[in-house]
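Participant: So the chains spell out like this:
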Amino acid sequence: MSISIEQLADKLAGLDAGKMYQNDFFFTWEKSDDELQAVFAVADALRLLRENNISPRIFDSGLAVSLFRDNSTRTRFSFNSAANLLGLTVQDLDEGKSQIAHGETVRETANMISFMADVIGIRDDMYIGKGNAYMREVANAVRQGYEEGVLEQRPTLVNLQCDVDHPTQAMADMLHIIHHFGGVENLKGKKLAMSWAYSPSYGKPLSVPQGVIGLMTRFGMDVCLAHPEGYEVMGEVEAVAAANAAKSGGRFSRTNDMREAFNDADIVYPKSWASYAAMEKRTDLYGNGDDAGIKALEKELLAQNADHRDWACTEEMMKLSKEGKALYMHCLPADISGVSCEMGEVDASVFSRYREPLYRQAGFKPYIIAAMIFLAKCEDPAAMLRFLAERGQARWVK
Amino acid sequence: MSISIEQLADKLAGLDAGKMYQNDFFFTWEKSDDELQAVFAVADALRLLRENNISPRIFDSGLAVSLFRDNSTRTRFSFNSAANLLGLTVQDLDEGKSQIAHGETVRETANMISFMADVIGIRDDMYIGKGNAYMREVANAVRQGYEEGVLEQRPTLVNLQCDVDHPTQAMADMLHIIHHFGGVENLKGKKLAMSWAYSPSYGKPLSVPQGVIGLMTRFGMDVCLAHPEGYEVMGEVEAVAAANAAKSGGRFSRTNDMREAFNDADIVYPKSWASYAAMEKRTDLYGNGDDAGIKALEKELLAQNADHRDWACTEEMMKLSKEGKALYMHCLPADISGVSCEMGEVDASVFSRYREPLYRQAGFKPYIIAAMIFLAKCEDPAAMLRFLAERGQARWVK
Amino acid sequence: MSISIEQLADKLAGLDAGKMYQNDFFFTWEKSDDELQAVFAVADALRLLRENNISPRIFDSGLAVSLFRDNSTRTRFSFNSAANLLGLTVQDLDEGKSQIAHGETVRETANMISFMADVIGIRDDMYIGKGNAYMREVANAVRQGYEEGVLEQRPTLVNLQCDVDHPTQAMADMLHIIHHFGGVENLKGKKLAMSWAYSPSYGKPLSVPQGVIGLMTRFGMDVCLAHPEGYEVMGEVEAVAAANAAKSGGRFSRTNDMREAFNDADIVYPKSWASYAAMEKRTDLYGNGDDAGIKALEKELLAQNADHRDWACTEEMMKLSKEGKALYMHCLPADISGVSCEMGEVDASVFSRYREPLYRQAGFKPYIIAAMIFLAKCEDPAAMLRFLAERGQARWVK
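Those protein sequences? They're chains A, B and C, same order as listed. Note that this note's numbering has the first sequence beginning at 1, numbered continuously upward. Note that this note's numbering has the second sequence beginning at 1, numbered continuously upward. Note that this note's numbering has the third sequence beginning at 1, numbered continuously upward.
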């Protein structure tokens, strides 16, 4: 990256991102274009500082509270890396997975864990209609606590994946695309295929495809969502995608034909997910504690999946893409045919060829999270970047 | 708070708290009045520093070991916040809950985890006659290890709740009272009702009421302990409370009538607990691995509780208090009627009215814990406060 | 310790340890004599700095990832202490114990957790032929990730105990011996008895005796490995020990007679372990998920153990040692007769007499681990030691 901190600070200074200060990050589509550009600029700057062994630490002490309501390795490590980079210590809140707290309990717990919390990161993607609502309940509780003087600082809520959006993933994916194509200005008209793909597992969250169509449509790209019938995503996110495309001069289309999506695509993102309707049903079954119903649903959904084994990112499918060389993307871990399962989302040879870019893609996430926190914590982020570069504090005294 | 660090340092310099240096904190009643005042002064000072974005970090590195033998969210977060504020990293010792180690094992484990430990925080409140004894065993082991040169530093033990006292809770409660009434000098004659209250759960620890009567009687207050027959607390703590009251010019009384306690009270603290006798019985049953006996006891105790559903902090009861406006206190979480249970310790309307002060009350705990550590680690705490204020290191570079 | 940082830095400057920079630590026998001496010198220096309240912190931020595939208290605390001392924050990777990942998954996970990881510490001692192989797979994956630019820094792998070696334990043991005998130059001809001892438990790892004979034979000592028939260790490590002894002018012998080993010994290290053959069998049974087979094997091995109850470090056995005063060593926790079990590895009176040196022995481990990390992270460790001493940053502002 030949860009300098000074250039990134200049860019940042020209963006209208002031509303991010002391604010939360729930959905990308609630943020302005300038705000998203600010996240990308800060992420690049934090990475550049670290690559030059300059610490971007802005906290001497303070907690970053994490609450993972689903297992997670990479998002957990990304959040912890981001917190650590800025000087915060992660403290897990382990509530138990099944228990969904409400009302008084949420308000109270949110405040009790936040006396010295600067950030709260939540992953809650299991229950349709509930994950994001829970995050907002927590954020409201601590904002109120801050306003009443109960809390000395306002903890920033970062959505680490909910039932609707997965903003840290989609933003990391987007920054990867920007770098791959040499700048956001080169993305106009680029075709991205966000496609369902077969997996022998069940119930993967919708937030990745939703996050992708909700974000990638903002840069003038031609975003095509492909899936078999019955694997529809949330209608409200499709509406967001359509509106984005109209505004950005891009395109948002849907198809039930994977080949159509891959055809001439610059970027392919083939990935399994459960249908919105199935996830809603499951949420109700969980709510009623209907174990037999859950098992029956699982069986039904796996059978439904099995009808679409041909939805795989094979070498043959890749040949359909632009010059046969589309950028293959995945949020990882992928179900690789013959490696992690018999038949899965992607051919082993395709996966192997893209391993390095896939790892790079994942590598943006810690910086995206750190940038979201940074912008919520620095009133003048451009000035802060300049200050950090000038301070020149070594991350690692060599 | 209009008081300055300079004033707090001056106050601290006038107190005889030298024995707290390199020492532990087990029971409030083992500490002199000056020592308790020192904890309050340091807690206020640490908060004031942090509110002014000045870091009170006194450790560049070092561990704070935590051992929670019972589930805990708020005490865990308070301990971790306190450690983080001073620059220590928390390392949990997860021994498993059921296993109570003795003798050689305790001595060895205590030393093995303490090579770089500056603090050890223990919560062990489940077993009557054992929790505090275990803490002292650990503290003795590491003191000996330090004296023999096995450990380079002497880890300070902080009692995060035992079978007898809950000093970090009681001290936080007291600091809340002091702030609420505008100073410790305004507490003479104030009536505090520490009352049992009905809860549909079973076996809540005695250490909260014991901690409260063992501490609040030292400030000239009129402390009234109320509970149904059969819910007696430890006799030795009642004796402490009586002696405290005699010495401080206050009063300690007991009653089996909740109304008598609430009558004209300035402060009410209605809360469920198990009786000492029942907890002793349970400890023996656990010791013998008598699961059937434990179940039978639980059933018996819940039935016994159910006889006292009228012991609730209702609006009607609140009207009995001083001008109907007593300060309502609780260590949280409370069993709120119609919210967290059908019938519980407190009416929802009472709880809601006091939510903000309740959250404030809880907010003192991290600072109380940090103050206990600070006083054990700074030979001249007044000078250290002045040094920190002058150093002016930003906690959060804004 | 009357030696100064300056002297240790001088010593270090004279050693050829440059290959340790940006490298891993798997087996002691892969390291040169100079490299081992460098670890000892740095461990002593880090301790000396800390004892003088000078922080050897070389990281402003960064992660130390730990992966424990077996329960651990003391190694976990040692690793966390070492990381903390140098300024790193530990992040546990909790994969579940039973699941042994391979190939693509290992490569991917290793990179996903390492975007900001400076160190990875792994304990994987359960499965013969697999633990060390897994560590090397992880190390290769992240080295490749670093070379490809996926990772900005190269995480150093530290073997926290595998199926073959336990280098942090053996090195800590050795540093204890060096200090006890007043320097490595006094060890020529000293006799060390690494002896099997009876324990009522089953399946203790082989890596301790293997680590000890693989390391202690390098200093001209007379190392005698004693065990009943059927408790053989890995042949390849015995070969290493024999070659070491030949090269160092020492001796490596084996016997099935504990008395022969203890006879005139300067150091005795009596400890239970499972036989290599039994561990291999168990690994296969685990691999096949053969629970019945595992239970049968356990029964068989306990019965086999019970045939050798006379292999205990009794007072009578101790009398055989040099002037009856050999240095008794153990990696802890020991099975103490009449204390932690009816009959075990050592008499209570012997253990008690050596408690203080045993604790000291354990106390070297955090510094050994920190030294391994330090040497992998500092291109000129001697200069860095001088820099840290001169910087004089207080670990604890008193």
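Some hints here could point you the wrong way.
Chain copies aren't distinguished; within one or between two, either way the pair holds.
Subject to a maximum C-alpha distance of 20 angstroms in a straight line, what follows is the list of computed DMTMM-like cross-link-like pairs (lysine to aspartate or glutamate) [what the hints assert, rightly or not]:
| id | residue 1 | residue 2 |
| --- | --- | --- |
| 1 | K398 | E152 |
| 2 | K398 | E260 |
| 3 | K299 | E137 |
| 4 | K247 | E148 |
| 5 | K204 | D70 |
| 6 | K130 | D94 |
| 7 | K325 | E390 |
| 8 | K325 | E137 |
Quick caveat, the hints were computed from the structure, so don't treat them as lab data. Just so we're clear, the structure is a prediction, and the values are computed from it rather than from any experiment.
Participant: Evaluate each hint against the coordinates.
Facilitator: Results for each hint:
Proximity of K398 and E152 under a CA criterion of 20 angstroms is satisfied inter-copy only: 15 angstroms between copies versus 37 angstroms inside one chain copy. Taking CA atoms no more than 20 angstroms apart as the test, K398 paired with E260 passes in neither setting, with 53 angstroms inside one copy and 50 angstroms between copies. Proximity of K299 to E137 under the C-alpha cut-off of 20 angstroms is found in neither arrangement, the shortest distances being 34 angstroms within a copy and 36 angstroms between copies. Taking identical chains as interchangeable, the C-alpha atoms of K247 and E148 are never at most 20 angstroms apart, the minima being 40 angstroms within one chain and 38 angstroms between chains.
Proximity of K204 to D70 under the C-alpha cut-off of 20 angstroms is restricted to the intra-copy arrangement: shortest distance 11 angstroms within a copy versus 30 angstroms between copies. Proximity of K130 and D94 under a CA criterion of 20 angstroms is satisfied intra-copy only: 18 angstroms inside one chain copy versus 27 angstroms between copies. In this assembly of identical chains, the alpha carbons of K325 and E390 never lie at most 20 angstroms apart, being 42 angstroms within a copy and 56 angstroms across copies at closest. With identical chains, the CA atoms of K325 and E137 are never at most 20 angstroms apart, being 44 angstroms at best within one copy and 30 angstroms at best between copies.
The structure does not agree with the numbered hints 2, 3, 4, 7 and 8 stated previously, though it agrees with the rest.
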